Every structure is written in C-alpha cells, then in structure tokens.
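Number of protein chains: 2
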Amino acid sequence: VRGLYAIVDPERCAGRDPALVAAAILRGGCAILQLRAKKGSDREVLALARALRARTREHGVPFVVNDRPDLALLADADGVHVGQDDLPIAEVKRIAPRLEVGVSTHDLAQLRAAIGAGASLVGFGPVFATASKDRPDPVVGTDRLAAAVRAAGGVPVVAIGGIDLGAAARVRETGAPLAAAIRSLGESSDPEAAARALHRALLGETA
Amino acid sequence: VRGLYAIVDPERCAGRDPALVAAAILRGGCAILQLRAKKGSDREVLALARALRARTREHGVPFVVNDRPDLALLADADGVHVGQDDLPIAEVKRIAPRLEVGVSTHDLAQLRAAIGAGASLVGFGPVFATASKDRPDPVVGTDRLAAAVRAAGGVPVVAIGGIDLGAAARVRETGAPLAAAIRSLGESSDPEAAARALHRALLGETA
Numbered sequence: 170v171r172g173l174y175a176i177v178d179p180e181r182c183a184g185r186d187p188a189l190v191a192a193a194i195l196r197g198g199c200a201i202l203q204l205r206a207k208k209g210s211d212r213e214v215l216a217l218a219r220a221l222r223a224r225t226r227e228h229g230v231p232f233v234v235n236d237r238p239d240l241a242l243l244a245d246a247d248g249v250h251v252g253q254d255d256l257p258i259a260e261v262k263r264i265a266p267r268l269e270v271g272v273s274t275h276d277l278a279q280l281r282a283a284i285g286a287g288a289s290l291v292g293f294g295p296v297f298a299t300a301s302k303d304r305p306d307p308v309v310g311t312d313r314l315a316a317a318v319r320a321a322g323g324v325p326v327v328a329i330g331g332i333d334l335g336a337a338a339r340v341r342e343t344g345a346p347l348a349a350a351i352r353s354l355g356e357s358s359d360p361e362a363a364a365r366a367l368h369r370a371l372l373g374e375t376a
Numbered sequence: 170v171r172g173l174y175a176i177v178d179p180e181r182c183a184g185r186d187p188a189l190v191a192a193a194i195l196r197g198g199c200a201i202l203q204l205r206a207k208k209g210s211d212r213e214v215l216a217l218a219r220a221l222r223a224r225t226r227e228h229g230v231p232f233v234v235n236d237r238p239d240l241a242l243l244a245d246a247d248g249v250h251v252g253q254d255d256l257p258i259a260e261v262k263r264i265a266p267r268l269e270v271g272v273s274t275h276d277l278a279q280l281r282a283a284i285g286a287g288a289s290l291v292g293f294g295p296v297f298a299t300a301s302k303d304r305p306d307p308v309v310g311t312d313r314l315a316a317a318v319r320a321a322g323g324v325p326v327v328a329i330g331g332i333d334l335g336a337a338a339r340v341r342e343t344g345a346p347l348a349a350a351i352r353s354l355g356e357s358s359d360p361e362a363a364a365r366a367l368h369r370a371l372l373g374e375t376a
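Which chain is which? The protein sequence lines are A and B, in order.
In case it helps, the working numbering puts the first sequence at residues 170 to 376.
In case it helps, the working numbering puts the second sequence at residues 170 to 376.
In case anyone wonders, no lab produced these hints; they're calculated from the structure.
Errors might be hidden in some of the hints.
Which copy is meant is left open, so a pair is good if it fits within one copy or across any two.
Under the rule of at most 30 Å between Cα atoms (straight-line distance), these lysine-lysine pairs were calculated in the DSSO-like manner [claimed, not checked]:
#1 Lys208 <-> Lys262
#2 Lys302 <-> Lys262
#3 Lys207 <-> Lys302
#4 Lys207 <-> Lys262
#5 Lys302 <-> Lys208
Computed from a predicted structure; not experimentally measured.
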C-alpha cells in the first residue's frame, strides 16, 4: 500500500456529511481510509463507521477505525488505529485478533515498541506543524521521519502531521510509503480533487 | 441478587483512590459492583477496571463495567452496562457473547425493548432527583418504578437515582431487588459504613 492515508474526522469536514466527504475522497483516490471520531455516542460512531465501511468496500480500499477495537469489529473494518493512551496492541489483539493494528508513534522508542508488539503499520509524526489536533506532540521533521522508516524494517510508516500537496515530495523522499491527511481533505472545498492531487503526488505521479 | 448495586465513579470519590473506595464498599457489603468511568484514557480505565475486578473477586461480588464491552472483556468483568446512546445489546452480544448485559432505561418502552433484546438486568430511573449525572433524565418516582418491576417479568430491576438510606424502604416496597448508589457511597466520609447501612436497608435487615 502506498500513497494517501485519508483520515475522515466528522469535526474536520467543514460541516458536511462525513460519509459524503469520504465518498469524494474515495473517488479522488487513497490507499487506506480511516475514521477518526473523537466525539459522538457509540451508536453514532458505529453508524458512521458502517457507512464508511460500505463506501470503502465499493472502492476496494482498506478501512480503519480509530481507538476502538469493539467498534472496528462491529463495523467490519480491516483494522483499528490506536494512540499511545489507547489500548496497547496486545490488549487489542486479545479481543480482536482478526484486526490489523496501527499505532501512532512520536519517537523511535515508541515506534520500535509498537513494531515489537506486532503493529501492522505505524504512524509517525507530527512531521510538520498541524492544526488538526488540540494538543499536538512536538514536530519530528523529515530527517527523523526518514530514520523512522529505516527503523521500521519494512513495516509501513504513515507520515502524519501538516502534510499537504507542497510537502508531498519531501515526504516521499523519506521513503515513507504512506502519508496521512485530515484537514487538507475534509476542509477542502473539493475533497475529491484534494485527495486525487495528494494521492498522486505521494505516489510520485504527475498530475 | 438483592441489595446494593454499588457504582464506583472516579469523579465521585471525593478525590480518593477509586480502588480503595471500592474496597471499602466491598467490606461494607454490596450485591454487585460497577465501574462507571466517563473520563480518562482507555489505558487508565482498563487499569482501574482490573483493580476493581481483583477486589470484587476477593469478595465474590459480580463486577460490571459501564459502556464498553471491549474493556469489560479485557478486565474479565461479569457484565457490561450500557445506556441508551451506547452500543445496543445485540451489538454488545455480537462481540462479547459471554458478558451479561445491563441496560439503563428511563421509561417502560425502553425497559421492554431492553428485555426483549436480552438484557440480563435493567436500570430504571432516576427514581428521585440526582446530582450524579450532569444531564439527568426526568424523575420517574416510586410508582413508575413499581410498574417497571412488574413489566420486567422477573428480570432484575435496579432502581437508580438519588437513592439514600432514607429512601431504601420506599424502594424496597416497589419490589425492585436492587438499588444503585454512587455519590452516597463514594462521597461519604466512610464508604464502608455507608455501603453496609444501605445494603442492609435494601435487604430489609435491621442495622
């Protein structure tokens, strides 16, 4: 898997229906689509996860739910993505052995720990400054991203944090196969075009 | 099971260690102990749930986790208790078939739906005015509680909302086998004595 790791956050969709934003992103193109839902009741999040699961399936795109293995299982997602304060990988695998588990990491020690615990994929960042998180971790930059890619030993690294079209080439040069975007998709006036351009740029294709 | 359904909420422990508060309640006596954790990271909640599971096991008391079947499974709880906005019973049972499922209900329609869906236990309330919830549902009173007990057809009903020692006799007269308490235990200067007195009063034993 290479290219755009598209993250749909209902709070970062400029007030539009997140399922429609996801549909537009999928038309534009992405390698993986993740739901990032930090608010809303479990029923609401599950309903949204299922809507996104249906859309991703139409496009043959893997679907990931953040934080919650139970909701990921119920939505028939391919994976769950957890942060450092969420359930550890070993716990996730106990209750959801069929899920791929991605982990957000912010330094090489966290990255190595995640891979040692069996992560299928590791996020690494924030690579650049970001406004998508209320309390972002310190910026890591592209040199440390490149070091993370080397340290990951083949486990896919998702560059995350402040990644837009202008940064795509620099991210690609680090060897990171995937790069995540939230606001530059969901808050774009044209999420389909934004996804298409960013996915292509990350793949190194000319537009 | 009859008597006190003790709910431990870390935010309603007067700043004390919730595991110590739980231990005191268990020494005093209760029929079931539930963790109610609305804040904190999943890792923190799981650690607390496991601490409470260990304490309840020492006393042979069933242990329930609120809202989250994944955390309930990982903590080896006996059950999970869900509200009307949490996962529906059918979804909980899909991912956690071994858990007993309790459901909070606030009117007879919700109570009947929960029992129809296979609830092991139903909460009903708030019976009296309560300060434990930020946005409480309308007070139902003891007459409607008695109607709920009749409608439940043998499924245990947990009276909840503003229940203290002075209300125990009125609750018992409705036929509800269990009554929940949060603040009157966790915010008591002596949770052990508070639990002992309330559990006995609910059982109709003289102190």
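Problem set entry | Homo-oligomer pair classification [Lys208, Lys302; C-alpha up to 30 Å] | Classified as both: same-chain Cα gap 13 Å, cross-chain 19 Å, threshold 30 Å.
Problem set entry | Same-copy or cross-copy closeness of Lys207 to Lys262 [CA-CA at most 30 Å] | So Lys207 and Lys262 pass the 30 Å test inside a copy (22 Å) and across (24 Å) alike.
Exercise. 30 Å Cα cut-off: does Lys208 pair with Lys262 within a copy, between copies, both or neither?
Worked result: For Lys208 and Lys262, both the intra-copy (24 Å) and inter-copy (24 Å) Cα distances are at most 30 Å.
Problem set entry | Alpha-carbon proximity context of Lys302 and Lys262, limit 30 Å | within (27 Å within a copy, 34 Å between copies)
Exercise. When no copy is named, should Lys207 and Lys302 be tagged within, between, both, or neither for a Cα gap of at most 30 Å?
Worked result: Result: close both inside a copy and across copies, 11 Å intra and 21 Å inter.
The structure fails none of the hints (numbered hints given earlier).
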